[in-house]
Each structure stands twice: as structure tokens, then as C-alpha cells.
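Sequences and hints are given; from them, build the entire structure.
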Amino acid sequence: MTSLTLRSLASRKLRTALTSIAIILGVAMISGTFVLTDTINKSFDDIFQAGYEGVDVAVSPKTVEGLEGDTGPVAEPLPQSLVARVAAVDGVAVAEGSVTGQVSIRGKDGDAVTQGGAPNFAASVMDERFTPFRYTEGREPGADGEVALDAKTAKDQGFALGDKVGIVGEEGAKRYTLVGVAKYGDVDSLAGASFALMTVAETQRITGRVGQVDEIDVAAEEGVSPEELKGRVATALEGEPVAVRTGQESADKQSSDLQEQLGFLRTALLVFGGIAVFVGAFVIYNTFSITVAQRTRELALLRTLGASRRQVLGGVALEAFLIGLFASVVGMLGGLLLAPALTGLFSALGFDLPTGGNVVAARTIIVALLVGTIVTVLASLAPAVRATRVAPIAAMREGLSEGDGRHRRPYFATFLLVAGVGLLLAGLFGGGSGGQAASLLGLGAAVVFLAVALLSPRLVRPLAAGIGAPLQRLFGLSGLLARENATRNPARTAVTAAALMIGVALVAFVSIFAAGLQGSVEASVDRAFTGDITVLNTDGFSPIPEGVQPAIGEIPGVASSSAFRFAESRVRGVSGTVAVIGVDPEVAGSYTATWKDGDDQLLRTLGDDGVLINNGTAVGDAKDVGDTLDVLTPTGKRVTLTVRGVLDEGDFDLLGGGMVLSTAVITKEFGVRQPALLSVAFDDSRPKEQTRKAVDDMLAAQFPNVEAQDREELKESQSEQIGQLLALIYALLALSVIVSLFGIVNTLALSVFERTRELGMLRAIGTTKRQVRRIVRLEAVITSLIGASLGVVLGVLFALLVSRPLEEEGFVLTFPIATLLVLLVLSALAGIVAAIMPARRAAKLDVLEALAYE
Amino acid sequence: MPDIVTATDLTRRYGEGVAAVDALAGVTVAFPAGALTAIMGPSGSGKSTLMHCLAGLDTPTSGSVTLDGVELAGLSDKALTELRRDRVGFVFQAFNLLPVLTAEENITLPLTLAGRKPDQAWLDQLIETVNLTDRRTHRPAELSGGQQQRVAVARALVHKPAVVFADEPTGNLDSKSSGEILTLLRRSVDDLGQTVIMVTHDAKAAAIADRLLVLADGRVVHDGDAGDADQVFQVMREVVA
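Line order of the protein sequences matches chains A and B.
Per UniProt numbering, residue 1 is the first one in the first sequence, and the count goes up by one each step.
Per UniProt numbering, residue 1 is the first one in the second sequence, and the count goes up by one each step.
Check before you lean on any hint, since a few could be wrong.
[Unchecked claim] To list a few chain B residues with every Cβ distance to chain A over 12 Å, as calculated:
hint, residue
1, P2
2, A35
3, D134
4, K204
[Unchecked claim] Subject to a maximum C-alpha distance of 25 Å in a straight line, what follows is the list of computed DMTMM-like cross-link-like pairs (lysine to aspartate or glutamate):
hint, chain 1, residue 1, chain 2, residue 2
5, B, K160, A, E758
6, A, K844, B, E16
7, A, K769, B, E82
8, B, K160, B, D119
9, B, K78, A, D846
10, A, K183, A, D144
11, A, K693, A, E554
12, A, K688, A, E586
13, A, K13, A, E849
14, A, K769, B, D58
15, A, K62, A, D127
16, A, K174, A, D696
17, A, K183, A, D111
18, A, K769, B, E104
19, B, K78, A, E849
20, A, K844, B, D58
Keep in mind that the hints were calculated from the coordinates and are not lab data.
Think of the CB as a built atom: it goes at the ideal place given N, C-alpha and C, for glycine as much as any other residue.
Right under this line is the structure:
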């Protein structure tokens with residue numbers, strides 16, 4: 001039996017290859033994801049280790065686990081006076097305060113230096129034993145007007161010693177003289193980030209931390225262990241809001257913080273890999289079903305000759321195992337190629353990831369091989385069992401049959417459908433945490449897909465009739481034959497179409513959801529942004545320098561400007577974190593909030609202990625005006641806040657995401673200094689276009705990484721950001737669609753093979769090759785349109801379901817009809833592409849051989 | 001009567017070198033219009049190859065074939081396909097109907113392929129002739145073997161081809177159905193003036209022919225009147241033994 005299996009696989013290399021591709025792509029995505037994220041982790045690990053080489057103990061501001069912002073830990077820097085206190089500790093050889101902050105380094109052309117989105121930093125020069133920088137040219141900056149650059153930035157921008165380098169910080173732009181070029185450890189740059197090294201005082205000034213340091217690095221005297229010194233320093237700083245770690249611990253903490261952030265990326269990418277594998281399972285199932293049917297005679301002959309059912313089962317299962325293993329190995333290797341491609345995809349869409357050489361962990365290999373092989377074997381199980389039911393007598397009978405053709409009552413499918421919808425509802429309304437809800441939704445969707453796939457053989461005939469009718473009118477006999485061929489074996493067509501259905505459903509769902517999101521955000525901007533312009537970072541999400549707001553305030557024609565700052569907090573009695581928005585007292589001048597209890601005047605009088613909560617998103621026990629909240633800030637401080645009013649903002653409104661407090665509280669207690677955005681109102685003292693131009697000119701000169709947008713521009717840029725994310729998701733879902741196209745290729749190729757004699761007769765009595773090709777092509781179009789229309793319907797239903805709980809938050813469900821129609825057209829085109837090879841094969845059949853074919 | 005199909009010095013060689021086999025080793029033969037010719041011969045005699053070459057399904061190694069005045073050599077696949085579609089009818093041993101089409105749709109297939117509409121009166125007459133009037137909308141799976149082959153005969157005649165090739169048309173049928181098919185073929189010649197060329201190894205089938213052609217080892221070894229079944233038997237015994 002084993003050698004028979006091997007030989008039959010070898011004799012059908014093309015089919016084996018086509019079948020394998022269904023699994024290869026998904027496995028490649030999974031292994032590629034692991035390789036990519038491991039590689040990123042590894043390159044950062046190296047960087048962090050290098051960064052703490054020579055540091056025995058590091059003192060940093062205390063932060064609260066889980067409340068770090070999106071761009072790293074938010075913390076009030078340490079007062080510089082602590083440096084002297086640490087230096088005085090017994091056993092300390094050197095203690096030095098360091099400052100690092102984001103700035104914008106300008107190239108020779110005046111444009112921002114971007115290694116495709118990697119950040120720019122200003123960092124203070126440090127003692128030789130602490131700093132990871134090694135000067136290759138020139139020297140360390142010694143005066144406030146001097147700067148050194150990392151080797152990569154200097155090289156890429158063509159800077160030479162003595163050149164002037166523009167750097168934009170909190171206080172605006174300033175020009176420095178380049179006096180040195182340094183490598184980071186042994187490499188030219190730190191994962192693509194650009195560094196400007198300056199004196200401590202200048203770094204403090206440009207990052208807005210005068211009199212403060214971000215970290216104190218300590219070297220121990222000979223004979224004092226880092227552990228011991230850590231204890232001594234901690235004792236000396238008892239009561240200060242600091243965290244004391246050894247150098248090794250600090251490096252490890254940074255690594256693990258990063259891993260956590262990357263965890264989301266990994267999970268997201270694995271989900272897309274999982275979808276591709278799921279779709280691949282349909283293709284495998286179908287291919288095995290068809291080949292088992294076509295080999296009925298062969299299997300029956302084996303049974304006649306005395307093969308047991310177990311041997312037949314084993315033979316088919318072994319075939320699946322071998323294909324699965326082969327596909328997994330190829331897919332795993334493909335992942336090595338896919339990892340750089342993913343990086344490329346991300347950077348093409350503006351999300352840059354640093355990479356070094358590929359890191360292949362043992363886990364990557366094991367997971368890839370297991371997933372691919374197990375899924376393939378599982379998918380082939382039902383066809384394999386069907387193979388064992390072939391009666392020996394079938395060897396004597398004419399003709400082929402697939403399955404028993406009877407429609408069993410769809411109890412199981414209906415049960416699955418109900419269960420799937422139940423899971424979806426549990427995910428949506430069950431009130432589980434974000435991760436739980438997402439898992440439930442994913443599982444529910446998968447179960448619904450399975451159920452619809454099982455039910456869809458019943459839908460094939462009516463759908464094919466609907467889709468085939470216009471084709472028949474257009475192409476006559478070819479259309480009729482294509483339609484008849486598509487419905488000849490509804491189960492086969494259904495599973496083929498179902499594979500495509502999954503990808504199409506997800507694409508449809510995502511596009512509907514994104515359209516709704518765009519509409520909701522636009523509606524919110526229209527309603528609430530009553531000012532003239534919004535000022536924000538050119539990248540759309542990073543905070544802006546503190547200096548922007550005062551600079552704008554000085555421009556004639558500006559009536560008021562008000563800053564919004566974001567942070568995370570923990571509130572006693574609430575699991576998870578609560579978002580915090582800090583607003584200026586003037587905010588009502590340019591932003592209109594919606595209220596349940598209170599009015600815009602309350603925004604002026606939040607003071608040091610006032611907070612606004614949102615209707616519907618109760619924060620702990622606090623529901624009404626007068627209730628108090630016990631809040632833990634990211635810097636580890638505890639503040640008690642009193643509810644002054646209740647907002648009625650939706651999730652898509654700026655003040656709807658969490659609780660609102662004053663700028664004073666969020667800067668002082670939460671350590672958030674940089675605004676996320678400003679909303680600015682103009683007065684009528686001069687034409688508004690002039691004021692806008694003055695703002696634009698000031699920003700271009702002093703803060704080139706900040707831009708002003710009016711309401712239309714803001715809506716546009718918000719839509720653009722959603723659009724970018726959408727493009728990324730489309731690209732990742734394309735993988736699943738490609739897998740399902742291979743399913744169509746496979747099914748058609750096998751069907752053509754099965755109908756050899758029929759095609760021979762058609763050719764003999766005068767069907768042209770062109771007509772034969774068209775018949776096959778139209779069958780593919782019908783199959784793919786069945787899948788696409790089911791997919792669009794499912795996508796719409798999913799969107800309706802998922803948007804239900806969001807409607808209260810102001811989510812406006814809109815159907816991008818044009819996009820959905822394009823999706824259908826693309827599916828039909830994809831069907832044509834999938835049919836190229838099978839159609840050519842069908843047309844190439846030798847008439848005589850086809851007629852003699854048994 | 002003019003000749004509808006002629007073959008001149010036809011050879012067909014399969015394989016190369018020492019393994020080469022001449023299925024046809026120089027056959028020159030002409031088929032006049034309005035006659036039913038039976039081609040017989042033992043297995044491997046080249047009778048099927050001859051028919052395939054005459055019908056443009058196979059390409060001879062050398063020699064020439066004309067069909068309805070058209071020289072087949074050098075025709076493109078497209079031209080050959082159109083020639084078959086418009087001027088040739090086929091009846092196969094294994095019926096070869098499309099399972100997804102009704103009896104009537106199967107019959108009109110050659111016309112539909114050419115994008116032409118059937119002449120309704122002619123179609124009705126034809127369907128009545130093959131006695132399938134009450135089976136028009138049935139699928140092949142719902143028809144008996146004899147009925148299926150009658151559909152195939154009607155399909156071969158529907159576009160009034162220059163010549164009908166029948167390849168063992170009774171090979172898969174019982175004797176009653178065989179008789180019906182043979183009668184149909186005979187009537188198509190007598191009543192409609194069709195030209196029919198039939199390959200068979202059934203002496204009874206050959207007996208309805210006007211002319212009997214016997215092949216052995218790729219050559220024509222007998223060409224004469226068919227006579228009745230006994231006479232056919234006798235000819236076969238003489239020339240093949």
C-alpha cells in the first residue's frame with residue numbers, strides 16, 4: 001500500500017504540486033511571521049544589550065506596568081539633583097545622568113531625515129564606559145552649538161565634518177555644527193534610527209527637560225557587584241519615584257517591553273496565516289474528494305484483490321500526510337523569503353520595521369511543520385473514509401460517482417450555523433475582554449464559514465442559474481454547458497466556491513467596516529471640530545513639541561488654541577486601563593462636546609481634581625456628578641478626582657475614548673507634556689487665509705514635523721490613515737484569495753480530466769478549441785461568482801452584526817456599493833485567470849485519444 | 001454520382017524506426033455520394049485509422065484526402081474543426097452524448113456550436129424519424145442505449161452533412177436496437193440521399209451497405225457489393241483467412 005501511494009503521488013506531480021500550494025502559502029505566512037518578529041526581537045535585543053554594556057546599575061523614573069503609551073514609557077524625568085546623590089553612594093565609581101528625546105533631524109535639503117519612518121533622537125554625550133557610540137570621525141560634541149551624528153545618517157545625508165545640521169526640538173529649529181560621526185557599537189545605525197549627540201545641557205534644552213535627566217547610569221568600583229550596588233543605590237534613594245535595576249535587568253526589561261508591543265503584530269499576522277491555512281483546508285478536502293471519486297475503480301480493484309478498508313484508509317491518509325509534510329517544508333522555507341517581503345509590504349504602506357539577518361527558531365520549524373501536516377491530514381480524513389466505503393463491485397461498473405449524491409438533511413450544518421452565530425453573539429455582547437471577544441468572534445466566523453460551506457451545495461443550483469442566465473444569453477451554448485458543468489456536482493462546486501467565499505467575505509466585511517469608520521470619524525469631525533484648524537504631527541499620530549502651542553498663540557489672528565493630551569490610567573475598581581484625555585480650559589472655543597449632564601463651561605473649571613466621564617462607559621462606581629475616582633497614573637502617583645459632569649461623546653469623538661481632565665493634571669500627575677494635537681480658532685481681526693498662511697509659514701520654519709489642517713484636510717488625512725490600514729489588510733487577505741484560486745485551478749483541472757471523453761466528442765463534432773476554452777473559463781467564472789456572492793452576503797451580515805454594539809457610539813454603517821461591485825468583478829476576473837491552465841489543457845486534448853479514453 | 005470523399009495513396013505510420021507500424025500502407029479509395037459503404041477488417045487492419053483520416057480526426061503520414069471537394073492536408077486545426085462541424089456527422093460506438101443536455105439539445109449540438117438555428121420542420125421530421133418525439137426533453141441518463149444511439153444518429157444528420165461516419169454504431173447495442181439503428185442509417189441514404197461510411201465488424205450491419213470494403217494489414221483487400229450477411233461472412237473468410 002505504501003509503495004503504491006508513493007508511486008501514485010509521483011505519477012501525478014502536477015496535481016501534487018497544485019494541491020501542496022494550498023497549504024504552502026498559509027504555512028509560509030505563519031513561518032514568515034515568526035521569522036520576521038523573531039528577527040525584529042533579536043535585532044533590538046542586541047541593541048539593548050549594547051546600550052547597557054558597561055552600565056552596572058541604572059536608575060530610571062518609576063513607571064506603572066501596562067500604562068506605557070504607544071511610543072514608549074511615559075514618565076516624568078528625574079530631577080538632575082539625584083545624580084549627585086547617586087554619585088555619593090559608597091561603591092559608585094561614576095554616576096552620570098543621560099537625556100534622550102525625539103527630535104527631527106533635517107537633511108541637507110531641509111527635509112526630515114527618515115529611514116522610512118524610523119524615529120530621530122537627540123541624546124546626551126556620555127562617559128566612554130556607558131555610551132554605545134564609538135567615534136569614527138571627529139570628536140565628541142563639547143559645546144552647545146555642536147553635534148555628532150550616527151554614521152548611517154551622516155553617510156546617507158552626505159554630511160561632512162564642519163557642515164551645519166538643522167535639528168527641530170521642543171523649542172523649534174536650530175542649526176548645529178557637525179563635529180563627529182559615531183557608530184552604534186559595531187554597526188552604522190541603531191535599527192535605522194537617527195541619532196544627534198549633544199552636550200547634556202543642549203539635549204535637555206532641545207528635548208524640553210532643563211534640569212532633568214531620563215536615566216542615571218552607574219558604574220561600580222572594582223570589587224562591588226552590580227547586585228550589591230543596586231541594593232545600596234535603592235536604599236539611598238528610598239522614597240523617590242525611581243526604579244533601580246542592574247544594567248542587565250534594564251536591557252531585559254526593554255526587550256520584554258518591546259516583545260509585548262510586537263506581540264500584537266505577531267498575533268495579527270498569524271491570524272492572516274491561519275485564515276490562509278483554513279482556506280487551504282477546503283482546497284485539500286475538495287482535491288481529495290475528487291481524486292478518491294476518480295479512483296473509485298482503482299480502489300475497488302484493490303478491495304477486490306483483498307485490500308482491507310484499513311489499508312485503503314491508510315493509503316489515502318498517507319498520501320495526505322506526505323503532501324502535507326512536503327507542503328509544510330516548502331512553506332516553512334518560503335517563510336524565510338516571505339519575512340523580507342512582509343517588511344517590504346509594511347514599509348511600502350508606511351509602517352517600517354527594522355530587520356537584521358533572518359532568525360529561525362526551532363519553534364518556527366516545529367509549528368510550521370505541525371500546522372501544515374495536521375491540517376492536510378485532517379482535511380483529507382472525510383474523503384479517506386469515503387474511500388473505504390467503495391464496494392469491490394464498483395470495479396466492474398461503468399462510470400464515476402462522487403459521494404452518494406443524496407442530500408442528507410442538513411442537521412449538522414444547521415447546528416454549526418447556530419453555534420457559529422452563537423459564538424459571534426457571545427463575542428459581541430458577552431462582555432469579555434478584548435482578546436477573549438476577538439477569539440470568540442474569530443472562532444464564530446470560522447464555524448459560520450464551515451456551516452455555510454456545508455449548506456452551500458443546495459445553493460449552487462439556484463446561484464448558478466442566476467449567474468449562468470446572462471452568460472448563457474451572452475455566450476449561448478458555451479454558457480449553457482458551463483452552467484451545467486458547474487452544477488453537475490454541486491458539492492464539488494460548493495466547496496471550491498466556499499474557499500473563495502471566505503476571503504471575499506473578509507474583504508467585504510473589512511471594507512464595509514472601514515467605510516463605516518471613515519464615515520463615523522468624518523461625522524464626528526464635522527460636528528465637534530468647530531475651530532478653524534487642527535495642528536498635529538505630520539505622521540498623523542506622534543505627539544507634537546510643547547513649543548508649538550505658545551508659538552501659534554503669538555500669531556496675530558489666532559483667537560485661541562487648545563491642546564489635547566492622551567494618557568492611560570488605572571482606576572480602582574476597574575479591570576484594565578482607562579484612557580485619559582487632558583484638555584485646556586479654552587477648549588470650548590474650538591471644540592464642541594456633547595453633554596448628558598453639564599455644559600462646555602465645565603471644561604474651563606476642571607482644575608486640579610475635576611474629571612468628566614462619558615455616558616455609557618461608566619468608570620468603576622462613578623456614574624454621577626459628585627462621585628470620586630481613585631486614579632493611578634503612569635508615573636505611579638495616586639490622585640483622587642471628582643466627577644464634575646457627564647459627557648455623551650461617542651467612541652469616534654475626540655473626548656469619547658475615556659475620561660477627561662485638565663491639562664494641569666495630565667502634565668503634572670501623568671507626566672504627559674507633549675500635546676497629541678491642538679485645535680485652533682481664528683478671530684476676525686484679519687482674513688482667515690492670512691492667519692492660516694502665517695501658521696503654515698511658522699510651522700514650516702520652526703516645526704517642520706508639524707502641520708495644520710482645516711476640517712476638510714483633517715477628514716481627508718483621517719480617511720487616508722484608515723485607508724492605509726485597509727490596504728495592508730487587503731494585501732494580507734489576498735493570500736487567502738490566492739489559495740482559493742489554486743483550489744479553482746485544481747478542481748477545474750480534475751473536472752477536465754474527468755470529462756476527457758466528452759470533450760473529445762465535442763471536438764470531434766466540430767467544437768473549436770476556442771469554444772472549449774470558453775466553456776471551461778465560464779465554468780470558472782460561475783464558480784468564483786458563486787463564492788464571491790456568498791462571500792459578499794456573509795461579509796455584509798458580519799458587518800451588520802459587528803456594528804450593532806457600535807451604533808450607540810456613533811458608528812454609521814455605510815455600504816461601499818462600488819467597492820463591493822468591484823470585488824465581484826475582480827472575483828470573476830480571478831476565475832478567468834484560474835481557468836487559464838485547465839482551459840488550455842481542455843483545448844489541447846487530442847481528439848482521438850480523448851475519444852478512446854476510458 | 002460524384003465522389004464525396006476520396007483517399008489517394010494514404011499511409012499512416014505510428015512510432016519510429018524498428019518499432020514503426022504502418023496502420024495504413026497505401027490506400028486509394030473513393031466514396032461516391034448517396035451510398036452506404038461498410039468498412040470491415042480484423043482488429044489492427046487499419047479500418048478505424050482509415051476512418052479517422054478520412055474524417056480529419058487523424059493526420060495521414062502521406063497521401064491525400066479530399067472531403068466534399070476540400071483537400072484536408074495542410075488545413076489548420078480551426079479549419080478542420082469547422083469542416084467537421086459543418087460537413088461531417090459522427091456516430092460513435094459509445095454514444096458520446098453530453099449528459100447535461102436534453103435529447104433535443106444533444107441533437108442540435110452541431111448547429112448550436114456553429115451558432116445556427118435548426119430548421120424547425122426538419123428537426124421535427126428528424127426526431128420523428130428516429131422515433132424520439134416523446135423523449136425530446138429527456139437527459140441521456142433517462143434513455144436506453146438504443147434511444148441514446150438514435151439521438152446520436154439524429155445528431156449526425158441534423159446539419160445535413162456531406163458525409164456521416166459511423167464507428168461501430170451497433171457495438172454497444174442489443175440486436176433489436178441494432179436493427180433500428182441500421183434501418184435508420186439505411187433510410188438516411190435511401191430517403192435523404194445521405195452518404196454514410198460505417199466501420200463495423202458485425203456482418204449483419206455490413207449487410208445493409210451498398211458496398212463492402214475490407215482492409216487487412218493497412219491495405220484494401222476487397223472492394224465490392226455487400227450482399228447479404230452470409231455473403232459478407234464468406235468474403236471475410238476468404239480475404240482474411
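Going down the list of hints, with the structure as the test:
no.: 1; hint: P2; result: 23 Å, holds
no.: 2; hint: A35; result: 22 Å, holds
no.: 3; hint: D134; result: 23 Å, holds
no.: 4; hint: K204; result: 25 Å, holds
no.: 5; hint: K160/B - E758/A; result: 23 Å, holds
no.: 6; hint: K844/A - E16/B; result: 23 Å, holds
no.: 7; hint: K769/A - E82/B; result: 11 Å, holds
no.: 8; hint: K160/B - D119/B; result: 11 Å, holds
no.: 9; hint: K78/B - D846/A; result: 14 Å, holds
no.: 10; hint: K183/A - D144/A; result: 21 Å, holds
no.: 11; hint: K693/A - E554/A; result: 14 Å, holds
no.: 12; hint: K688/A - E586/A; result: 20 Å, holds
no.: 13; hint: K13/A - E849/A; result: 21 Å, holds
no.: 14; hint: K769/A - D58/B; result: 16 Å, holds
no.: 15; hint: K62/A - D127/A; result: 24 Å, holds
no.: 16; hint: K174/A - D696/A; result: 18 Å, holds
no.: 17; hint: K183/A - D111/A; result: 23 Å, holds
no.: 18; hint: K769/A - E104/B; result: 24 Å, holds
no.: 19; hint: K78/B - E849/A; result: 18 Å, holds
no.: 20; hint: K844/A - D58/B; result: 14 Å, holds
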